[in-house]
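S.K.: Assemble the whole structure, with the sequences as input and the hints as a guide.
Protein chains: 2
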Amino acid sequence: MSVNEDFEQKCLNRFNKIKSVLCAGLDPAIEKFPPKFKDMQPAEAITSYFVEVADAVRDAALVSKPNIAFYEQYGAAGLAALHTIIDKLHDCDIPVVLDAKRGDIGNTAKAYAKAVFDDFGADAVTLSPYMGIDSLQPFFDYTDRGCFVLCRTSNKGSSDFQLLKVGDMYLYEAVAHKIIEWNKAYNHNIGAVVGATQIEELRKIAKLFSDNGYPPLLIPGVGTQGGSFDDVMAALRAVNYPLHKVFINSSSKLTYSHAADEDYLAGVLSEAKKFILQ
Amino acid sequence: MSVNEDFEQKCLNRFNKIKSVLCAGLDPAIEKFPPKFKDMQPAEAITSYFVEVADAVRDAALVSKPNIAFYEQYGAAGLAALHTIIDKLHDCDIPVVLDAKRGDIGNTAKAYAKAVFDDFGADAVTLSPYMGIDSLQPFFDYTDRGCFVLCRTSNKGSSDFQLLKVGDMYLYEAVAHKIIEWNKAYNHNIGAVVGATQIEELRKIAKLFSDNGYPPLLIPGVGTQGGSFDDVMAALRAVNYPLHKVFINSSSKLTYSHAADEDYLAGVLSEAKKFILQ
Numbered sequence: 252m253s254v255n256e257d258f259e260q261k262c263l264n265r266f267n268k269i270k271s272v273l274c275a276g277l278d279p280a281i282e283k284f285p286p287k288f289k290d291m292q293p294a295e296a297i298t299s300y301f302v303e304v305a306d307a308v309r310d311a312a313l314v315s316k317p318n319i320a321f322y323e324q325y326g327a328a329g330l331a332a333l334h335t336i337i338d339k340l341h342d343c344d345i346p347v348v349l350d351a352k353r354g355d356i357g358n359t360a361k362a363y364a365k366a367v368f369d370d371f372g373a374d375a376v377t378l379s380p381y382m383g384i385d386s387l388q389p390f391f392d393y394t395d396r397g398c399f400v401l402c403r404t405s406n407k408g409s410s411d412f413q414l415l416k417v418g419d420m421y422l423y424e425a426v427a428h429k430i431i432e433w434n435k436a437y438n439h440n441i442g443a444v445v446g447a448t449q450i451e452e453l454r455k456i457a458k459l460f461s462d463n464g465y466p467p468l469l470i471p472g473v474g475t476q477g478g479s480f481d482d483v484m485a486a487l488r489a490v491n492y493p494l495h496k497v498f499i500n501s502s503s504k505l506t507y508s509h510a511a512d513e514d515y516l517a518g519v520l521s522e523a524k525k526f527i528l529q
Numbered sequence: 252m253s254v255n256e257d258f259e260q261k262c263l264n265r266f267n268k269i270k271s272v273l274c275a276g277l278d279p280a281i282e283k284f285p286p287k288f289k290d291m292q293p294a295e296a297i298t299s300y301f302v303e304v305a306d307a308v309r310d311a312a313l314v315s316k317p318n319i320a321f322y323e324q325y326g327a328a329g330l331a332a333l334h335t336i337i338d339k340l341h342d343c344d345i346p347v348v349l350d351a352k353r354g355d356i357g358n359t360a361k362a363y364a365k366a367v368f369d370d371f372g373a374d375a376v377t378l379s380p381y382m383g384i385d386s387l388q389p390f391f392d393y394t395d396r397g398c399f400v401l402c403r404t405s406n407k408g409s410s411d412f413q414l415l416k417v418g419d420m421y422l423y424e425a426v427a428h429k430i431i432e433w434n435k436a437y438n439h440n441i442g443a444v445v446g447a448t449q450i451e452e453l454r455k456i457a458k459l460f461s462d463n464g465y466p467p468l469l470i471p472g473v474g475t476q477g478g479s480f481d482d483v484m485a486a487l488r489a490v491n492y493p494l495h496k497v498f499i500n501s502s503s504k505l506t507y508s509h510a511a512d513e514d515y516l517a518g519v520l521s522e523a524k525k526f527i528l529q
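Taken in sequence, the protein lines are chains A and B. Each residue of the first sequence is one higher than the last, beginning at 252 in the numbering used here. Each residue of the second sequence is one higher than the last, beginning at 252 in the numbering used here.
Errors might be hidden in some of the hints.
Chain copies aren't distinguished; within one or between two, either way the pair holds.
Claimed, not checked - BS3-like, lysine-lysine: derived pairs with alpha carbons at most 30 Å apart:
| # | residue 1 | residue 2 |
| --- | --- | --- |
| 1 | Lys416 | Lys458 |
| 2 | Lys289 | Lys365 |
| 3 | Lys283 | Lys365 |
| 4 | Lys289 | Lys435 |
| 5 | Lys455 | Lys416 |
| 6 | Lys365 | Lys287 |
| 7 | Lys504 | Lys361 |
| 8 | Lys361 | Lys283 |
| 9 | Lys407 | Lys429 |
| 10 | Lys289 | Lys361 |
| 11 | Lys365 | Lys429 |
| 12 | Lys429 | Lys287 |
| 13 | Lys435 | Lys416 |
| 14 | Lys525 | Lys283 |
| 15 | Lys361 | Lys287 |
| 16 | Lys339 | Lys458 |
The set of hints was computed from the structure by calculation and includes no laboratory data.
M.R.: Here you go:
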């Protein structure tokens with residue numbers, strides 16, 4: 252798979268083939284790995300298990316999403332493992348959204364973009380909006396890559412700022428409007444991160460986006476965090492969201508809920524299949 | 252230097268000795284390095300030059316601030332160079348603020364905090380506030396380390412969100428109030444990033460903070476970005492800011508403005524000395 256093929260096109264081709272909306276979250280927590288990996292060195296355990304997971308979901312995951320934090324915590328060996336896993340995901344034809352939540356001023360953002368897209372070869376990235384457009388544009392300039400800007404996140408503390416009232420809307424809605432503006436002005440691969448745990452807000456964003464060219468949506472919070480897959484799908488279908496632009500993440504539930512099973516990979520696959528549309 | 256000594260105490264001891272408010276920004280841009288480093292491999296050039304810079308400013312920089320993005324762009328070798336430089340800075344007794352602008356949900360933030368404080372051994376970090384308290388608390392839990400939360404940044408695009416009106420104040424002021432709250436509740440080493448390019452806003456924050464226990468202030472934007480050192484110092488002195496809690500950053504001007512000189516390190520030191528108080 253060329254990493255220079257347009258992100259949306261790549262996801263469309265893949266969606267047409269496998270009809271899945273799964274974003275497979277690959278966040279190493281070694282203590283939760285299946286027993287056979289637990290005695291390995293961290294980096295070896297991570298690559299060994301997640302290479303198996305990548306194979307298991309190769310026809311069931313629309314995209315994948317390793318969160319770089321979980322690799323960074325193991326230092327250089329952890330980051331080397333991330334490289335190995337990204338290469339494996341590309342071998343499996345699974346686009347990679349690197350969850351990095353970056354955002355910094357111009358030159359620095361340029362360096363981050365280079366790290367994410369050139370060094371790691373990610374197909375898409377997550378970004379933090381607080382510093383504004385010039386902290387994001389160096390990522391947007393890679394027009395063939397996806398950019399998911401934090402909008403309404405799935406954690407409890409998100410209300411500290413995202414629910415502040417800005418005129419007649421919430422801050423997260425002001426961010427959503429900016430995302431629409433950027434999606435039109437810079438790059439059709441610019442979208443939003445909107446958590447499944449706030450279903451009313453997700454509905455509102457999906458409606459707003461449906462009137463504005465359907466920017467792509469990365470949706471964490473289904474599964475362990477409590478969001479409902481059916482509710483999310485209903486919200487999206489209500490506004491005819493193009494489903495190749497929708498990425499519903501499962502991390503812990505996908506990779507760890509069957510870790511104790513003898514055939515843990517069958518467990519992973521059974522979780523993944525829940526995201527394949529009937 | 253023990254990395255477990257309290258950040259404020261460490262800065263106070265050092266300030267009393269060297270009377271400097273310089274935060275030495277160490278952001279590799281190899282094309283701007285002195286000629287003798289330009290033919291080296293990137294990682295070798297970075298460590299070679301910045302180890303010399305660390306020695307040059309050992310009695311002139313209150314703290315240092317490598318921005319991790321500039322190292323990440325060179326992959327594993329770049330991050331290995333960052334480790335080497337942090338170790339050297341510690342040998343020189345210069346506390347390290349790792350400029351990483353991190354922020355993510357609970358478990359992920361915990362992994363980032365581990366990477367920043369345990370793996371890199373940084374004394375302080377920069378953080379992005381958009382996701383709220385549970386994305387920051389795992390960093391705050393390292394009570395001996397400094398945490399600088401983005402408040403009013405020095406870039407042009409910062410007005411996209413930071414200047415949105417939230418009730419009778421701007422968003423960045425709402426963030427400043429939260430920083431005060433967190434500084435009181437969790438950890439006296441929690442402070443703000445406020446750019447020198449918005450001097451009126453810096454004045455406002457300094458006044459507000461002066462009435463609320465003086466949280467530490469990291470101030471970028473002096474020098475190449477156009478902020479004035481004298482204006483910043485006047486704003487801080489007007490409210491009797493304890494100067495061991497003030498870190499005025501210089502990156503490009505400090506490390507690159509004399510790169511073409513034969514004695515480039517004398518140039519670095521002359522720039523650094525501008526931040527030593529008379």
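S.K.: Are the hints correct? Go through all of them and say.
M.R.: Hint by hint, here is what the structure shows:
1. Within a single copy, Lys416 and Lys458 get their C-alpha atoms as close as 20 Å, and across copies as close as 25 Å, so both meet the 30 Å cut-off.
2. For the homomeric pair Lys289 and Lys365, the shortest alpha-carbon distance between copies (20 Å) is at most 30 Å, but the shortest distance inside one copy (34 Å) is not.
3. In the homo-oligomer, the alpha carbons of Lys283 and Lys365 lie at most 30 Å apart only across protomers (18 Å), although the nearest pairing inside one protomer, at 32 Å, exceeds that limit.
4. In this assembly of identical chains, the alpha carbons of Lys289 and Lys435 never lie at most 30 Å apart, being 47 Å within a copy and 41 Å across copies at closest.
5. For a Cα distance limit of 30 Å, the shortest separation of Lys455 from Lys416 qualifies both inside one copy, at 16 Å, and across copies, at 22 Å.
6. In the homo-oligomer, the alpha carbons of Lys365 and Lys287 lie at most 30 Å apart only across protomers (25 Å), although the nearest pairing inside one protomer, at 36 Å, exceeds that limit.
7. For a Cα distance limit of 30 Å, the shortest separation of Lys504 from Lys361 across copies, 19 Å, qualifies, whereas the shortest one inside one copy, 34 Å, does not.
8. Proximity of Lys361 and Lys283 under a CA criterion of 30 Å is satisfied inter-copy only: 16 Å between copies versus 36 Å inside one chain copy.
9. In this assembly of identical chains, Lys407 and Lys429 lie within 30 Å of each other by CA distance both inside one copy and across copies; the values are 23 Å within and 16 Å between.
10. Taking the closest pair of Cα atoms, Lys289 and Lys361 come within 30 Å of each other only across two copies (21 Å); inside a single copy the shortest separation is 38 Å, beyond that limit.
11. Taking CA atoms no more than 30 Å apart as the test, Lys365 paired with Lys429 passes inside one copy only; the shortest distance there is 24 Å, against 33 Å between copies.
12. In this assembly of identical chains, the alpha carbons of Lys429 and Lys287 never lie at most 30 Å apart, being 47 Å within a copy and 45 Å across copies at closest.
13. In this homomeric assembly, Lys435 and Lys416 come within 30 Å of each other (Cα to Cα) both inside a single copy, at 25 Å, and across copies, at 25 Å.
14. For the homomeric pair Lys525 and Lys283, the shortest alpha-carbon distance inside one copy (21 Å) is at most 30 Å, but the shortest distance between copies (53 Å) is not.
15. Within a single copy, Lys361 and Lys287 get their C-alpha atoms only as close as 41 Å, which misses the 30 Å cut-off; across copies the closest is 25 Å, which meets it.
16. For a Cα distance limit of 30 Å, the shortest separation of Lys339 from Lys458 qualifies neither inside one copy, at 36 Å, nor across copies, at 53 Å.
Consistency note: the structure conflicts with the earlier hints numbered 4, 12, 16.
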